[in-house]
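Chains as they are written, first to last, in the working numbering: chain X, 1253 to 1412; chain S, 12 to 303.
Simulated from the structure, these hints should not be mistaken for laboratory data.
It should be emphasised that the depicted structure is a prediction, and the values quoted were computed from it without experimental measurement.
Hints should not be assumed to be uniformly reliable.
Stated by the list, open to error - Where chain X lies over chain S, by a calculated footprint (3+ residues, C-beta under 8 Å):
1) 65-76
2) 80-88
3) 254-267
Beta carbons: idealized from backbone N, C-alpha and C, even for Gly.
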Amino acid sequence: MPNPTTAPDLPRELRALVGTVSAPRTRAVHPHDVHRFVLAIADGTGAGSTDPAVVPAAGSVAPPTFFCPDPLVTAAELGLVRPRPLPRNIDGGTEWEIHRPVRVGDTLTSIARIADISQRTTADGRPMVFTVIEVSVWNQRGESVGVARGTSVSYQERAA
Amino acid sequence: MRAGESLPARSVQVTLADVVRWSGAIDDYTPIHFDAAAANARGMPGPLVNGTWKAAVLARLLSDWAGESATLTRLSCRYRHPDLVGAQLTCGGTVTAVTPTGGVDEVECELWVADAGGKRTVTGTATLRVRRREATDPGPVTLATEELKAALKVGSEAGRFTYPITLADLDRYREAVGDPALGHEYAPPAYFGVLDPVERRELQLDPTLDLVPYARTGGGNAFNEVEYERPLRAGDVITVATSYTDVYERDGRAGRLLFRVRTNHLYDQQGALVARTRMGHVLAFDLGRRIA
């Protein structure tokens, strides 16, 4: 990814957003939070499949991306405004660094930050802006459980 | 796990229920994922499958494949093309590198989600840390198994063999061991060893040792004992009844030592007991070299 802050044509108001940090949010990991997550990615999910027998017990390890399933969504929940400098905005990708398992019963604290903004030009000359939003998450012992980075892609529709 | 190995691919038809579940699980109610009108207003023919749901399904594919000894430490996905709810998607991947570091293997994988036409709508990479299975501890090894004891018929008679003793036999023996008392009708005390059907290879129980699945590294006679009721002499016709009485093992410098003890009862032609012998034989096995 090109270095955003030195891209000459990145508008100053966009460049100024890099480094913006959200307020932190702390929440407990309840058994049903993990249960809903597991059900959502399970095979053969029939509607209404909420077998209570599979509700994870305290101490059960949550799936790897549970700590921050979608950093763009988390950032919005934390009040960090996602830049949408161009009319079309999509989720271009996600990266998770998983440092420690999250367990039912943990308390997680999350902070979102605009880590990077860069601009590119498509082959047909349209601008695209890539914003990387980074969410860092810690557990109740202050240990980092992981970092999730979402890339928001903002672009101009191809002329009809 | 080795480089080039494929992860078992998994196919899923994404339903509206799947994306609604995901919306609920992550508290994201962006309507383009479940509201057709909202999707149409954005120029899409229908609701879109969340990219992060596809990534979570890839993470589960990895976890299910790698098992409990593996920890996913990094997952990176690019959402290259939108997938519509209702799409038939296939998730798969390949191991690209396995790097041993300390007690773990760092396993790098490439991942993908493909639509029904084979177009890769998500591509990704992942890193797993996999605890290496230590050389599995076989636990306590027993060579003197019940199976081996049964094959040796321990405790019951293995066979009877009859040997006449002539003066010529005794003289040949005396010449072989350097005994000058040629022509003497009584046998030397150690002559009982001649009347052993196992040493004479007339009783063949050695194939039973194939039941021991370790490399044999040595062996030989461990001890021979005799108690005579009367001396053996030329003219006797001796019937030897052989049975294995004990099979046991212990660890020695040469490896695991397996002892087989057999008892011979020597009877004369009148059926009177002449002698009782105990013969111990030992074999050494290398427990580090399993051969079966």
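Taking the hints in turn, this is what the structure says about them:
With 6 residues having a beta carbon nearer than 8 Å to a beta carbon of chain X, the segment 65-76 of chain S meets the requirement of three or more and the stated coverage holds. Judged by the Cβ-Cβ criterion of 8 Å, the segment 80-88 of chain S is covered by chain X as claimed, because 7 of its residues qualify and three suffice. Remark: the segment 254-267 of chain S is not confirmed as covered by chain X, as 0 of its residues place a Cβ nearer than 8 Å to a Cβ of that chain, below the required three.
The structure does not agree with numbered hint 3 stated previously, though it agrees with all others.
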